[in-house]
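Asker: If you want the building blocks of each chain, they are given just below.
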Amino acid sequence: MSPVDWAVLVATLATIVGVGIWRTRTTDVGEYLRSGNTLPWHTIGLSVMATQASAITFLSVPGLAFEDGMGFVQFYFGQPLALIVVCAVFVPIFYRLNVYTAYEYLEQRFDVRVRTLGALLFLVQRGLAAGITIYAPSIILSTILGLPLYVTNLVIGLSVIAYTVSGGSKAVSQTQKHQMVVILLGMFAAGAFLVSKLPAGMSVDEAAVLAGATGRMKLVDTALSWDSRYNVWSGIAGGFFLALSYFGTDQSQVQRYLGGKSSASGRMGLLFNGMFKIPMQFCILFIGVLLYVFYVFVPGPAFFNPTTLAEARQAQPAQIAAVEKKYQARIRAREAAAKDYLAAYRAGGAIESPRAAFASADAAVKEARRDTKQAIVRARPGAETQDADFVFISFVLSMLPVGLVGLLVAVILSAAMSSIASELSALATTSSVDLYQRLFRRNVNGPAQVRATKGLTVVWGLVALGFASVASLFDNLIEAVNVLGSLFYGTVLGLFVVAFFLKRVGATAVFVAALCAQATVLVAFAATDLGFLWFNVIGCATTVVLSLVVHVVRPGGRGDRVESSVSPEGG
Amino acid sequence: MTPEVIIASLLWSMVHMNAVEIQQRLDRLLVIGRVLYVAAHPDDENTQLLAYLTHARGARTAYLSLTRGDGGQNLIGSEQSPLMGVIRTHELMEARRIDGAEQLFTRAKDFGYSKRSDEALKVWGKDATLGDVVWAVRRFRPHLIITRFPETGSTHGHHLASAILAREAFSAAADESRFPQQLKQVQPWQAHRLVYNVPNRFMPKEARDDDLIVDIGGFDAVSGMSHGEIAAQSRSMHKSQGFGAARRFGPEPERFRHLSGERAKTDLLEGVDLDWSSLKGGAAVKTALRAARSGFRPDAPGAIADDLVKALRAVRDVEDEGVRSWAQEQLGALLVAVSGVLLEARSETAAVVPGGELKVKLLALRRGAVPIEWHDVQIGATKVEVASALEDNDPVKKELKIGVPKKAPFSTFPWLQKPPGPGRYAGDDPPEIPLPKPSLSARLSLTIAGAPLSVEVPVRHYSVDRVQGEQNREVEVLPAITVTPAAKAVLVPCPPTTGDEACKTKLRVSIRARKPGSVRVEAPKGYAVSPAKLDVKSDREIELEISAQPDAAPGTLRLIGETADGSSSWAERALKHNHLPARTVLLPAEVRLTTAQLRVPATVIGHVAGPGDEVADGLRRIGAKIEDIDDEELAHGELDRFGAILIGVRAFNTRDELRRHHQRLFDFAERGGTVLVQYTTKPRREPLGVPLLPYKMDIGRGRVTDETAAIELLKPDHPVFTTPNAIGEKDFAGWVQERGLYFGATWDDKTVTPLLSLADPKEPAEKGALLVADHGKGRVIYCGLSLFRQMPAGVPGAYRLITNLLARRDAAAIATADEPPPVLGRWRNLYAVVIGLLALLIAAFYMISRRYGK
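Here the protein sequences line up with chains P and C, keeping their order.
As numbered in our numbering, the first sequence has no gaps in its residue numbers, which increase by one up to the final residue, 571.
As numbered in our numbering, the second sequence has no gaps in its residue numbers, which increase by one up to the final residue, 854.
It is worth saying that the hints were derived from the structure and are not from the lab.
Incorrect hints may have been included.
What follows is a set of in silico ranges between Cβ atoms, one per label pair, in the way DEER data are often shown [what the hints assert, rightly or not]:
id: 1; chain 1: C; residue 1: Gly77; chain 2: P; residue 2: Phe500; range: 35 to 41 Å
id: 2; chain 1: P; residue 1: Val523; chain 2: C; residue 2: Glu348; range: 14 to 20 Å
id: 3; chain 1: C; residue 1: Gly77; chain 2: P; residue 2: Val553; range: 53 to 59 Å
Straight-line distance between alpha carbons at most 35 Å, and here's what the computed DSBU-like set of lysine-lysine pairs gives [as the list claims (entries may be wrong)]:
id: 4; chain 1: C; residue 1: Lys515; chain 2: P; residue 2: Lys454
id: 5; chain 1: P; residue 1: Lys503; chain 2: C; residue 2: Lys730
id: 6; chain 1: P; residue 1: Lys503; chain 2: C; residue 2: Lys625
id: 7; chain 1: C; residue 1: Lys488; chain 2: P; residue 2: Lys503
id: 8; chain 1: P; residue 1: Lys503; chain 2: C; residue 2: Lys682
id: 9; chain 1: C; residue 1: Lys576; chain 2: C; residue 2: Lys515
id: 10; chain 1: P; residue 1: Lys454; chain 2: C; residue 2: Lys401
id: 11; chain 1: C; residue 1: Lys682; chain 2: C; residue 2: Lys730
id: 12; chain 1: C; residue 1: Lys515; chain 2: P; residue 2: Lys503
id: 13; chain 1: C; residue 1: Lys682; chain 2: C; residue 2: Lys488
id: 14; chain 1: P; residue 1: Lys503; chain 2: C; residue 2: Lys401
Built from N, CA and C at the ideal position, the CB exists for glycine as well.
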């Protein structure tokens with residue numbers, strides 16, 4: 001990166017963080033934990049969007065489209081429906097009960113045991129995920145920028161901790177608004193740049209025609225098939241449940257929309273996401289498609305992780321040079337086929353055979369890339385051959401003009417920081433409100449409560465940082481965290497489904513059911529080879545069904561509120 | 001043969017008397033003088049004077065209460081209006097059992113506090129009510145009439161009116177030209193004199209030299225109690241009014257002011273013929289009664305049976321018809337009592353439906369030496385011969401299976417059968433009768449000591465309670481199905497203010513028939529109710545969802561229960577109070593519906609319940625989240641989970657823990673909460689002992705009783721009048737009974753802000769009805785407005801106002817949960833747009849896939 005880029009990067013980030021810290025210093029509990037119920041709906045909308053979109057979104061989604069096409073967009077089809085349910089059912093209740101956390105509602109609906117269970121399940125799962133949210137972009141940036149991992153870790157981690165601690169939830173939302181603006185600007189610039197760099201006279205339509213020949217423009221798959229990764233049905237059904245549990249029960253999201261001026265702002269913010277998430281995802285994916293078309297005409301590397309490639313070259317120079325040569329040849333063949341196909345398309349004549357020729361040339365390039373990866377593994381056993389996450393960032397660094405590079409790196413860092421900030425804020429709020437104060441010190445209020453939450457934010461920040469710095473020890477860490485998440489998400493969603501929709505089921509029934517469901521999930525995980533996404537369904541369904549069974553067998557559960565730990569000083 | 005004497009079932013309590021009661025009855029029977037005491041409400045009567053007249057003077061004494069006290073406040077439950085009237089009627093009956101007087105009523109309704117007699121007389125209908133008083137005088141034929149109140153002054157308008165009506169009735173009752181239609185059944189009557197029993201609390205200011213002073217503080221050796229002790233027991237029956245009283249002993253000078261008739265110089269009853277010998281044909285009665293009195297021995301009461309029979313025979317020759325029938329009944333009951341016979345009619349069920357069957361087990365048991373023959377028994381149309389001479393301590397049983405006619409009337413209270421007017425109950429029955437006859441009674445023909453008697457024994461249901469012992473209650477004829485709404489009026493919030501939640505209210509369905517039935521609702525125009533019809537197999541609760549169109553006019557929701565035997569529209573309420581007989585009250589099954597645009601409180605509201613009001617229930621119905629705060633929680637619980645705390649009516653008077661921990665409420669307010677204190681009474685004897693606001697404020701006795709009194713908003717821009725609902729004049733329209741009571745009297749101007757100014761006609765303005773004190777980050781409000789009457793009556797303004805009173809000071813920040821969206825009007829529309837957009841996107845993506853795909 002050039003000095004100009006560094007300047008742009010540092011200036012952008014410093015401004016965002018500085019404004020976040022300066023404008024939101026506070027000692028008011030309501031403000032610290034819940035943004036003081038002052039935020040307008042557009043701030044909430046951007047904040048919810050920024051929380052959901054992590055750095056990984058901007059790093060890997062274009063790579064995904066580059067590699068396989070835009071079918072991934074179907075994964076978000078269920079989200080608007082889930083957001084409507086959250087708006088209609090969850091938000092009014094959370095606001096009416098004036099809660100700080102989603103789990104507080106569980107106590108008002110059931111009792112303190114269920115609340116504690118929900119909060120603990122969230123903390124375990126989110127605490128681990130927060131480490132990954134720091135680690136994943138750090139490792140990519142450190143690879144690309146050539147900085148040691150701990151530096152990127154610390155820069156990202158410490159700056160987030162700084163403004164989250166100083167300004168709490170409100171700082172998170174305010175910062176996220178600016179981060180989101182930078183993100184959208186940056187992505188727009190990247191897209192505009194790509195369009196301008198298409199070969200002379202080539203329209204966006206023609207780019208899509210080219211990509212379409214390789215199947216990359218297959219946005220919607222209506223075939224009802226259990227094998228295909230994404231189709232419209234699994235997208236609507238699966239995406240619905242995932243989004244429902246994420247937006248309805250995950251405190252890092254709940255905290256975002258509870259900060260609204262009124263429940264209306266929270267609802268509007270969520271519905272705004274319901275409308276714009278899919279178009280935004282479409283645009284990011286289309287950037288990946290444009291990237292593909294760009295690399296049809298501009299030769300790109302055979303492998304996009306430069307560090308790994310360099311290491312492999314060093315180990316087995318001859319073998320790697322061979323596969324790279326083959327790759328370059330096939331790239332040129334593909335370019336020629338592409339030009340033929342485009343000429344036929346423009347002439348308006350028969351396009352079937354040039355189209356098929358281009359598709360097979362593209363398949364040949366893919367094969368060459370596969371060969372390259374195999375060669376790398378042979379040269380460096382154990383190396384990570386997934387390079388899709390590096391496609392976009394390597395393009396940014398190698399192709400974009402000076403200045404824009406800095407902005408785009410700022411985009412990625414902003415995305416990373418916005419997610420981490422939400423998570424830290426949510427972790428601290430939950431552990432402060434639901435555990436520390438509720439179970440140990442019931443009568444903390446005002447400044448003392450803010451102090452406690454600040455301390456907990458630092459603690460969680462350090463935990464996440466620590467976890468991020470040892471994360472490289474685990475190979476398949478992202479999947480591990482996803483698995484861990486799925487192990488707990490289902491049970492938590494089950495708790496809330498019972499709370500909202502089975503009004504007669506009481507505390508004891510749901511508590512027993514949730515414990516049994518969690519045990520069932522853990523046993524199933526240990527004893528079977530079930531795909532991990534299924535644990536969401538099992539956990540949720542078991543909690544719901546079992547609580548109904550317990551309720552019927554042992555009626556009157558709602559009356560048995562357990563008043564715990566009434567403080568001895570009676571105040 | 002001796003003519004048959006009928007002992008009506010209403011005299012039932014007299015046929016089983018102990019020796020003390022028998023002797024008191026005998027003493028009273030020897031005196032024929034009658035006294036009528038007139039006042040306005042149950043609890044107005046001077047119970048010690050009644051005890052003095054019945055016990056020391058043996059006079060037949062009655063209390064004519066113009067109203068049944070249905071407008072009173074209820075300290076022992078949530079019953080209001082008609083139910084309150086039933087409770088207080090029963091309380092009067094229990095009081096009279098103790099002091100030995102009789103009880104009479106008129107049809108006037110207690111419509112609530114009134115400051116002037118002309119208002120009271122106007123609402124009651126002066127002529128109609130005077131007619132009822134005249135009727136009572138002509139029926140009871142008192143020699144002496146006593147009023148309790150002055151005709152002018154600062155007391156309750158009902159009180160003043162009672163004195164006016166008694167004075168006018170004193171002469172009107174004797175005037176043949178007044179109320180001549182009554183003369184078909186009664187004769188004109190001129191009482192000997194009319195006096196005013198000047199209340200002691202007016203002394204010595206109101207004392208006059210020519211007042212007659214009588215010491216009523218004597219000792220009744222037979223019962224072993226001073227009159228003041230009897231009076232205290234009798235007065236303590238007014239439990240719903242919190243009138244438990246202490247015993248009094250020693251001299252009790254009572255003051256009487258002459259109003260009309262012959263002036264009394266030394267004694268109230270002076271110049272009145274008290275003795276039987278003054279009546280034509282009375283001398284023989286007197287002889288027989290004297291013999292009975294002197295021969296009475298507590299260990300052998302039956303020994304005077306023959307003397308009583310002689311008196312019964314002699315009474316036939318007394319010319320005065322009123323005295324004759326009264327004496328016959330009394331003598332007959334005494335004869336049954338001294339014979340010691342036990343008479344019972346037992347039913348296994350406590351209720352029966354018209355067209356239903358009932359098994360009645362009859363029991364007659366002779367206990368003593370008086371010869372008794374039991375000839376037959378009749379219930380309704382079913383008659384069974386018995387023809388048995390009872391032996392000592394040898395029970396004779398008989399079982400009857402009776403069919404209750406399909407057309408049999410239900411066990412109702414006559415004055416509740418038709419909807420009342422604003423000031424007067426409907427109904428043509430003799431208005432003075434306090435309670436209806438039992439629906440089912442067995443008539444037993446007996447001959448006791450040679451005298452043929454017919455005794456009506458009410459059919460009762462007996463049960464045993466493990467704590468209270470044996471209980472019994474009258475068997476009632478009740479509808480096969482009743483539908484009882486939880487609220488008699490429901491306010492239905494209407495769009496665009498409440499989001500998507502419907503107003504909910506509950507119905508309780510009771511089925512007494514064996515066959516299943518159904519419930520149907522008829523909604524008034526502008527309201528939608530679901531379910532509209534529902535089949536019911538057994539007793540259950542139904543939840544109705546009601547929605548209203550904006551500005552739908554108030555209407556009546558009719559609830560109809562249907563069974564194979566036809567449909568009916570009755571609701572029922574069980575009266576269960578330890579000091580009163582258990583009863584069922586039937587009321588019309590309807591719910592008054594009103595509507596308002598309002599915002600439901602967004603936060604959880606803590607409720608410190610008082611002795612009974614329905615404010616919290618009203619808030620719950622419109623979807624507010626209310627949690628009761630118990631004593632434990634008042635002392636230790638976390639209050640900050642509430643947005644506001646609502647203190648029930650008079651909770652400060654009745655809950656010790658609330659008084660003890662009131663500082664916690666102020667602290668809660670200081671941290672940002674809202675505390676709403678509803679009206680609290682200022683105890684007469686001892687002060688409340690705790691402040692109701694965190695700053696100086698004292699409640700007084702200020703009240704505004706005109707429910708239409710104009711109201712001025714002193715600070716129309718105050719958040720209480722703007723957030724979340726905009727409160728204006730229209731919110732004070734349509735109120736019922738009164739504006740409010742126990743207003744603040746003095747307060748600290750710097751910290752406490754009065755928000756309302758209102759006044760009764762011709763009176764100075766009251767500014768203490770609504771006082772707000774900002775405290776720390778929150779506020780404490782004292783509200784003397786009678787929201788507790790308005791909300792059960794469905795008054796829209798009361799709901800809109802209380803929502804504001806419960807808002808937090810930071811309400812602007814935490815707006816309501818059901819705020820409409822900034823665009824498109826309703827959330828549903830916005831959801832439709834999102835779904836539409838999703839469909840559009842999927843369609844567009846599908847087109848793109850087709851266009852560029854293979």
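Asker: Give a verdict on every hint.
Answerer: Results of checking the hints against the structure:
1. A beta carbon spacing of about 36 Å between Gly77/C and Phe500/P agrees with the range 35 to 41 Å that was offered as a hint.
2. Look at Val523/P against Glu348/C: about 58 Å separates their beta carbons, and that is not inside 14 to 20 Å.
3. Checked against the hint of 53 to 59 Å, the C-beta distance between Gly77/C and Val553/P comes to roughly 37 Å, which is inconsistent with it.
4. Note on Lys515/C and Lys454/P: the hinted pairing is violated, with a Cα-Cα distance of about 67 Å set against a maximum of 35 Å.
5. Of the supplied pair hints, the one linking Lys503/P and Lys730/C is violated, its CA atoms being roughly 38 Å apart against a limit of 35 Å.
6. A distance of roughly 14 Å separates the Cα atoms of Lys503/P and Lys625/C; the hinted pair therefore holds under the 35 Å criterion.
7. A C-alpha spacing of about 27 Å is found between Lys488/C and Lys503/P, which places the hinted pair at or below 35 Å, so the restraint holds.
8. Proposed proximity of Lys503/P and Lys682/C is contradicted: the alpha carbons are some 43 Å apart, above 35 Å.
9. Of the supplied pair hints, the one linking Lys576/C and Lys515/C holds, its CA atoms being roughly 28 Å apart against a limit of 35 Å.
10. At most 35 Å may separate the alpha-carbon atoms for a hinted pair to count; Lys454/P and Lys401/C exceed this at roughly 82 Å.
11. At most 35 Å may separate the alpha-carbon atoms for a hinted pair to count; Lys682/C and Lys730/C meet this at roughly 31 Å.
12. Taking the CA atoms of Lys515/C and Lys503/P, the gap is about 32 Å. The hint holds against a cut of 35 Å.
13. Taking the CA atoms of Lys682/C and Lys488/C, the gap is about 30 Å. The hint holds against a cut of 35 Å.
14. Restraint check for Lys503/P and Lys401/C: the C-alpha separation of about 48 Å exceeds 35 Å, so the hint is violated.
This entry does not satisfy hints 2, 3, 4, 5, 8, 10, 14, going by the numbered hints stated previously.
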